[in-house]
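**Q** So you can see what is in the structure, the chains are spelled out below.
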Amino acid sequence: MSAAPVAVRRGGGAERHRVDTTVASQDEGAGHGAAAQDPADLPARAKVAVAAGKVTGAVSRAAGRGSGGVIGGRVALRLDPRLLARLTAGRTCVLVSATNGKTTTTRLIAEALRALGPVVSNALGANMPAGITAAMATDRDARYAVIEVDEKYLPAVATQTTPSAIALLNLSRDQLDRAAETRMLAQRWRDGLAGSSATIVANCDDPLVVWAAGQVERVVWVAAGQAWQEDAWSCPRCGGVLQRTGQEWHCAACDLRRPQPTWVLDGEALRDPYGVRVPLGGLRLPGRANRANATTAAAVASLFGVDPHRAVARMEQVAAVAGRYDTVSYRGRQLRLLLAKNPAGWLETFDLVAGADAHPVLLSVNALGADGTDTSWLWDVDYTRLRGRPVLVIGQRRLDLAVRLQVAGVDFTVHDDLDAALAAAPEGLIDVIANYTAFQQLRQKVGA
Amino acid sequence: MSQGRPAPGPSALRIVWIYPDLLSTYGDQGNALILEYRAAARGHRVERVDVRSDQAVPEQGDIYLIGGGEDRPQRLAAERLRRDPGLTRAAGRGAAVLAVCAGFQLMGHTFYDEQEGVLPGLGLIDVTSHRGSVRCVGEVVADSDPQLAVGGAGLGPLTGFENHMGTTLLGQGVRPLGTVRVGNGNGAGAGTDGAHAGTIAGTYLHGPVLARNPALADLILSWADGDSAPSPVDERWHQRLRKERLAAVGA
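Going line by line, the protein sequences match chains A and B. Per the working numbering, the first sequence runs over residues 1 to 448. Per the working numbering, the second sequence runs over residues 1 to 251.
Taking beta-carbon pairs under 7 Å as the criterion, some of the chain A residues facing chain B (in silico):
| hint | residue |
| --- | --- |
| 1 | 234 |
| 2 | 241 |
| 3 | 380 |
| 4 | 403 |
| 5 | 407 |
If you're looking for bench data, these hints aren't it; they were derived computationally from the structure. Every residue gets a Cβ at the ideal spot worked out from N, C-alpha and C, and that includes glycine.
Using the sequences plus the hints, can you model the full thing?
**A** Rendered as structure tokens:
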């Protein structure tokens with residue numbers, strides 16, 4: 001099997017939940033054993049559901065409504081609600097959930113596990129049951145399934161897929177007008193995962209994650225760090241105030257505290273349970289957050305016998321994930337595309353653009369349904385980090401951002417759209433940071 | 001700079017943000033940042049004090065801010081504030097208070113907690129809050145109380161975003177902050193948003209509210225420094241944002 005980076009099919013609309021049906025079948029013909037349930041073994045109802053899902057997906061694609069996977073998956077699930085369980089039966093499943101980094105970590109784990117054989121994955125972030133089902137239907141033979149799961153659906157998907165491992169990266173505020181409060185999500189994870197037979201690979205630096213994993217028998221703790229701490233001042237168990245000294249944290253009122261990690265992100269390298277350092281400097285995905293994602297991915301891969309050196313070598317091949325971190329040429333500029341959906345994500349993204357020379361930063365913020373329609377979160381983001389950089393502002397909610405940047409003391413200009421902004425920018429590299437639908441619109445515009 | 005404004009000097013304007021660790025769910029820091037920014041433009045040296053919920057609320061602040069949060073942090077905040085005399089004493093000597101959403105409910109006589117039922121607030125203003133039957137989520141426009149003015153002019157329509165299940169009943173001792181044109185404010189069908197009495201104002205609007213209503217920020221600053229003139233800041237982007245938000249909901 002080739003270790004070359006997997007090409008992702010591009011294009012399509014700005015639909016939120018797209019699934020790429022070509023990704024999962026990259027390894028077809030690689031001569032693997034059929035570990036998943038053979039198509040002939042599926043009950044009649046499931047066969048009809050898969051077929052109906054494929055037809056619906058094809059119709060949806062033909063109608064120009066995205067790649068069709070989610071719609072197909074929805075139809076198929078209606079015909080056979082147990083379809084996801086059937087499509088994952090016999091496979092070794094890994095689930096990945098978090099507020100930030102789940103698409104990237106899913107991709108990194110999938111790359112690492114491809115050392116063992118074919119892997120099916122919902123590679124483009126269609127992470128609710130319909131999208132997951134559609135992705136699983138695209139490759140019925142892959143022995144491994146690495147599945148990104150929306151935070152709200154983790155317990156339900158875990159019940160359906162009986163995973164061997166679940167990676168829990170972080171929880172923080174995101175789309176508060178449509179999602180549950182962050183602690184409620186942690187509670188849902190805690191209740192839903194209690195008694196799970198999966199090995200949980202969890203971030204010991206996120207108190208909400210630690211509490212959520214608290215009723216699981218087997219946990220591998222990873223010190224993956226936590227740049228954004230504003231949702232983790234209050235003890236998720238008792239409401240006491242959390243105390244922090246260096247990396248350690250503990251509750252002043254109860255015994256919840258940071259567990260001892262066995263995997264550690266240590267600067268530019270990871271350290272495995274035997275103290276072996278594996279450099280992460282060769283990763284093509286930039287920044288601290290991606291080194292954290294790679295550390296967690298290596299810990300997951302090692303559960304299946306993939307040595308961390310080998311895992312990291314495979315992860316180094318990943319250059320972009322669903323367009324994120326891609327650098328594209330457009331109108332004489334090189335645009336580096338960065339996605340930041342919530343305050344924690346923006347904080348990690350500023351880490352990427354800091355220290356670089358003072359090339360411009362272009363920001364685009366929307367507040368469409370998939371973004372959350374409340375822009376209050378802009379005031380949780382520390383935009384003072386962009387002082388000294390020329391900042392160009394576009395997007396549906398550019399005026400909200402303008403007020404925010406004015407108060408942050410940042411020099412900015414506001415433009416009607418990307419082309420107008422670029423006309424006002426020098427040639428060369430521009431860091432582009434956008435939230436969810438703004439990012440999809442930009443990708444479509446620049447053909448990334 | 002207009003008369004009555006203090007020269008920049010050793011006496012700082014103290015902005016106290018109460019319990020950001022519990023009640024800061026909806027960009028509530030924004031209200032503190034807006035006040036800091038405008039107070040600096042008014043010539044004040046500004047000192048911002050963020051009070052975590054295991055710390056005492058200082059009594060000597062000029063402006064107190066308290067923000068929004070869900071049931072559990074609201075209950076924890078209430079427990080801690082009831083034991084801490086800081087805010088009550090400050091309000092008693094006329095400090096300015098802006099309370100948003102869950103924080104607004106805490107300023108009243110009682111509020112409702114899913115787990116424990118009716119719980120006492122601080123009773124700083126004459127309102128009581130209950131659990132409504134529907135979640136109020138979305139843009140709000142409310143015509144500000146005509147009795148409120150900055151620089152001789154009214155505050156204009158208040159614009160913001162709400163996300164709550166509360167209904168707040170206003171007693172005799174307060175006036176509504178605004179009359180709702182779009183959205184819900186003090187609960188579905190209430191027709192009003194927020195309340196004010198003396199130098200205490202409460203609202204369900206975030207966005208945050210002062211970013212979208214700079215005149216309200218100046219009103220609160222005037223309660224603290226006695227100067228009713230508008231802050232000398234570039235209002236271009238605030239005004240364009242207000243216009244856009246009002247147009248977006250057809251107001």
